[in-house]
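> Here are the chains, one letter per residue:
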Amino acid sequence: DAGVTQSPTHLIKTRGQQVTLRCSPKSGHDTVSWYQQALGQGPQFIFQYYEEEERQRGNFPDRFSGHQFPNYSSELNVNALLLGDSALYLCASSLTPRPRETQYFGPGTRLLVL
Amino acid sequence: RKEVEQDPGPFNVPEGATVAFNCTYSNSASQSFFWYRQDCRKEPKLLMSVYSSGNEDGRFTAQLNRASQYISLLIRDSKLSDSATYLCVVNVNDYKLSFGAGTTVTVRA
Chain A
4 DAGVTQSPTH LIKTRGQQVT LRCSPKSGHD TVSWYQQALG QGPQFIFQYY
54 EEEERQRGNF PDRFSGHQFP NYSSELNVNA LLLGDSALYL CASSLTPRPR
104 ETQYFGPGTR LLVL
Chain B
91 RKEVEQDPGP FNVPEGATVA FNCTYSNSAS QSFFWYRQDC RKEPKLLMSV
141 YSSGNEDGRF TAQLNRASQY ISLLIRDSKL SDSATYLCVV NVNDYKLSFG
191 AGTTVTVRA
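Chains as they are written, first to last, in this note's numbering: chain A, 4 to 117; chain B, 91 to 199.
Simulated from the structure, these hints should not be mistaken for lab results.
Within a straight-line C-alpha distance of at most 27 Å, the following computed DSS-like cross-link-like pairs (lysine-lysine) qualify:
#	chain 1	residue 1	chain 2	residue 2
1	B	92	B	132
2	B	132	B	169
3	B	92	B	186
4	B	132	A	16
5	B	186	B	132
6	A	29	B	135
7	A	29	B	132
8	B	92	B	135
9	B	186	B	135
10	A	29	B	186
11	B	169	B	135
Only part of the chain B face toward chain A is listed, based on derived beta-carbon distances under 7 Å:
#	residue
12	133
13	134
14	136
15	177
16	181
17	185
18	187
19	190
20	191
21	192
Covered stretches of chain A, as calculated for chain B (at least 3 residues, CB under 8 Å):
#	stretch
22	46-57
23	100-112
Every residue, glycine too, gets a C-beta built ideally from N, C-alpha and C.
My request is simple: use the sequences and hints to build the entire structure.
Next comes the structure, spelled out in structure tokens:
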């Protein structure tokens with residue numbers, strides 16, 4: 004049973020560029036949440052996708068956008084990258100969008116913006 | 091006030107010791123509470139959910155105090171493998187979970 008997978012594992016970009024990160028949820032899960040984790044901080048909620056719609060959004064600017072596909076996989080797009088966007092980006096999947104459901108995290112994508 | 095606050099530690103304890111730490115949350119309407127464990131440069135993994143009556147899983151005990159809006163985690167008979175960052179997680183609405191910054195525990199031989 005495959006767990007949550009993310010690609011790429013590492014990425015280096017320069018300021019102003021755009022990046023797309025990908026996530027495949029755990030088998031049987033239909034809900035995907037994205038988090039940003041800066042060094043020394045806990046994960047910060049970016050948004051959640053369910054039924055191909057953004058259901059909830061955290062305190063992130065519109066430069067952060069996403070998409071969920073019919074097979075439940077998801078993408079996170081960040082435009083006009085800033086140095087402060089350097090972080091570990093985590094994807095988590097769950098059986099339903101309800102917070103009582105356990106979220107299973109992927110290994111993350113480490114983004115460095117120079 | 092932050093949605094979830096934790097003592098960052100670090101808690102440096104010898105093997106076999108008991109260590110306990112708390113987490114406070116700001117939303118009195120929160121209903122779902124969890125402790126996640128995160129090893130260095132790895133993804134968070136669920137350690138345990140926290141129930142109203144408190145719950146135990148082996149050497150780990152979690153308690154919820156709704157009146158004071160805090161959650162605690164106690165680790166008995168600490169092992170070297172317990173060294174990690176422990177993340178307190180609370181729902182802030184029907185869909186969103188909020189994570190604390192984590193409490194670092196180091197168990198020494």
